[in-house]
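Following the hints, put chain B in place on chain A, whose structure we already have.
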Amino acid sequence: MTPNPSRGLAAALACLGLGLGPLPVMAQETKATATPPATVQVDKGSALYGRPEGGGAAKLAPVAGPPIATAAAKLPVAQLKVPDGFRIEVYASGIANARSMTQAPDGTVFVGTRTVGKVYAVLPQAGADGTHEVRTIATGLHRPNGVAFHDGALYVAELSKIWRYDDILTHLDGGEKPRLVYDDLPKDEAHGWKFIAIGPDDKLYVPVGAPGNIQLPPDTHAQIRRMDLDGKNAEVIARGVRNSVGFDWNPKTKQLWFTDNGRDWVSEDIPNDELNVVTDPGKQHFGYPFCHQGTFTDPEYGWGHSCSEFTAPAALLGPHTASLGMRFYTGTQFPADYRDQIFIARHGSWNRTAKLGGDVVLARTGPDGKIAATEPFVTGFLQDNKYVGRPVDVLVARDGSLLVSDDYNGAIYRVSYAR
Amino acid sequence: MRGSRKAFRALPGLAAACLAGAALAAPAADDPVPGRLAACVGCHGAGTSTTEGVPSLGAQPADYVVTQLFQFREKQREAAPMNDIAAGFSDDDLRAYADAIATLPPPARSGAAPDDALKDRAQAIIGKHQCTSCHGADLAGHDAIPRIRAQREEYLAKALTAYRSNARPGYDPAMNEVAQDLKDDEIRDLAAYIARL
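Top to bottom, those sequences are chains A and B.
Using this note's numbering, the first residue of the first sequence is number 1, and each one after it goes up by one.
Using this note's numbering, the first residue of the second sequence is number 1001, and each one after it goes up by one.
Chain A with its partners taken away, still in its complex shape:
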């Protein structure tokens, strides 16, 4: 690990107290709630370590979206709320398990999936009802969650293989065979599905999640790598990353920002998911499994460590909220004060009694470039502690509107601003 005392605790403390609603979890609460469950008798190195036994944790099961998309007429769009001046509508439906998105210059949106093995293309021309035709361009892939369009090609990340579909826009019939780009990846199912993107440095960025909830990960895991577009010269640019399923580059600084999902089963209220910044590629450690949320040493792995050894998060995103896709707003359609701010899709908690997340939030940066506040942007996916939809990724469309994917309903919504 790489100590990083210069950023340290002060930055983390500055983050606490910011955020929305029930989000801020004060450091002083940590000790009282951080006791590991006494009944757990699982080896420390086990992928199972940290899961409490029975009791209140019962029925806190993962909520994988169904493999069948919700019919367009039954989508919960009427329940979704956006700020005054904005509107939200259905952009496309029938996209079972719609996850990560990327857009080609002609407006075609490509969509990956986690559970149904498919990659879709959503065509740019709107039909009479304002929605867009969907084509399935690949099937039978293994958790093809990650998609990235670059120079006419579509990069698709399966669990352990990354493919490139050349000239994809002329092969939307699915007939073209992809070329293998990179497969030096572990095959763990846990946190094995990937978000990918290509940076302003024309390199491909690929996360490798921790192979379980909480453990000392092998050197090959809990990191973000980058590599040339042909898969060569891979290097680790961030360590101590438990499971990032969304990242983007600050359009001004060109620095990589990423979300990271915090560990489970310590407490209902800690740790928070994190929003992080890579300021020194290859030299930063973001804490996992030693320190969570910049302030909380792990009940087991934190002994002998201080959170000041690790890079603190730029913002806290709520406990168990499953903060996934994030993008800087680079369009001009929204009011000027949205420019260069960060939209973050929070898929929503599963192992928390009162569910949290299930929304799109806006993280606003202050004059110093740090996150000054986090506020709701799209809400309503969570109704009476049940999900009517679950946002996965956000994408700034070419016209400046914001697209939001929903893997529970298999749909994409479009948020636009009416001036």
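No lab work stands behind these hints: they were computed from the structure.
Computed from a predicted model, the values in this text were never measured in an experiment.
Treat the hints with care, as some may be off.
[Said to hold, decoys possible] Cross-link-like lysine to aspartate or glutamate pairs, in silico, EDC-like; alpha carbons within 20 Å at most:
1. K177/A x D151/A
2. K370/A x D280/A
3. K252/A x D280/A
4. K252/A x D184/A
5. K355/A x D1143/B
6. K386/A x D1093/B
7. K386/A x D1172/B
8. K1158/B x D1172/B
9. K203/A x D166/A
10. K74/A x D1092/B
11. K1119/B x D1091/B
12. K232/A x D183/A
13. K187/A x D1181/B
14. K177/A x D230/A
15. K161/A x D1093/B
16. K74/A x D151/A
17. K386/A x D1063/B
18. K1128/B x D1138/B
19. K187/A x D1172/B
20. K203/A x E176/A
21. K74/A x D1091/B
22. K1128/B x D1185/B
23. K74/A x D1172/B
24. K74/A x E1078/B
25. K1128/B x D1063/B
26. K1128/B x D166/A
27. K1128/B x D1184/B
28. K1158/B x D1091/B
29. K252/A x D183/A
Here is chain B on its own, set in the frame of chain A:
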């Protein structure tokens, strides 16, 4: 529930048809059971399977059945003859079959009640691996989490082994994660105990 179970048992011919790999038989018009179930119960039984290697489906949560029929159709999960049977299913078919299967009565346990030694070993494993966290305190499942209590013993063992090796990728990979650390004797004890609940 008990009454409908008797009705299922009055369909012995379907089992023969299933074993021969024949096409699905049409139910009698006055069959009280949803017609589309007739073909399923031929192999799977009317809630309780009596065929080795073929799971009991009684009271299986519909959302879980949808995911498995989907995986069969898409060949994400390979298990003859289900891949061929599901190949032509529409999305509406997946849901309709799943809803019908969920109405079958829960399976009856096979064999005698577990002895104390097995019970102690299995409950320790269940506690260690947190089975009840998702499957429920009685292991009866809910939503997209399957009912496993009173499932056939050899089927449970096969499922856990295949999750461990990733030969069977779960619809959600949760079971692949959990099964990584299971030892062979733990799988044996879990299967023997859960089948006898």
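Do the hints match the structure? See the list:
1. K177/A x D151/A: Roughly 17 Å between the alpha carbons, so the hint for K177/A and D151/A holds.
2. K370/A x D280/A: Distance ~16 Å between K370/A and D280/A Cα, so the pair holds.
3. K252/A x D280/A: 16 Å, holds
4. K252/A x D184/A: 32 Å, violated
5. K355/A x D1143/B: 17 Å, holds
6. K386/A x D1093/B: Distance ~26 Å between K386/A and D1093/B Cα, so the pair is violated.
7. K386/A x D1172/B: 19 Å, holds
8. K1158/B x D1172/B: This hinted pair holds, its Cα atoms lying about 18 Å apart.
9. K203/A x D166/A: It holds: about 17 Å lies between the C-alpha atoms, which stays within 20 Å.
10. K74/A x D1092/B: Status holds; Cα separation ~15 Å.
11. K1119/B x D1091/B: 41 Å, violated
12. K232/A x D183/A: 11 Å, holds
13. K187/A x D1181/B: Measuring from Cα to Cα gives roughly 15 Å; hence the hint holds.
14. K177/A x D230/A: Distance ~16 Å between K177/A and D230/A Cα, so the pair holds.
15. K161/A x D1093/B: The hint is violated at about 33 Å.
16. K74/A x D151/A: Given pair K74/A, D151/A is violated - Cα atoms ~37 Å apart, limit 20 Å.
17. K386/A x D1063/B: 16 Å, holds
18. K1128/B x D1138/B: Holds, at roughly 16 Å.
19. K187/A x D1172/B: Distance of about 15 Å is within 20 Å: holds.
20. K203/A x E176/A: Violated, because 24 Å separates the two Cα atoms, which is more than 20 Å.
21. K74/A x D1091/B: 16 Å, holds
22. K1128/B x D1185/B: 14 Å, holds
23. K74/A x D1172/B: 24 Å, violated
24. K74/A x E1078/B: Given that 20 Å is the threshold and the Cα spacing comes to 32 Å, the pair is violated.
25. K1128/B x D1063/B: 27 Å, violated
26. K1128/B x D166/A: 48 Å, violated
27. K1128/B x D1184/B: 15 Å, holds
28. K1158/B x D1091/B: At roughly 28 Å apart (the allowed maximum being 20 Å), D1091/B and K1158/B break the hint.
29. K252/A x D183/A: 32 Å, violated
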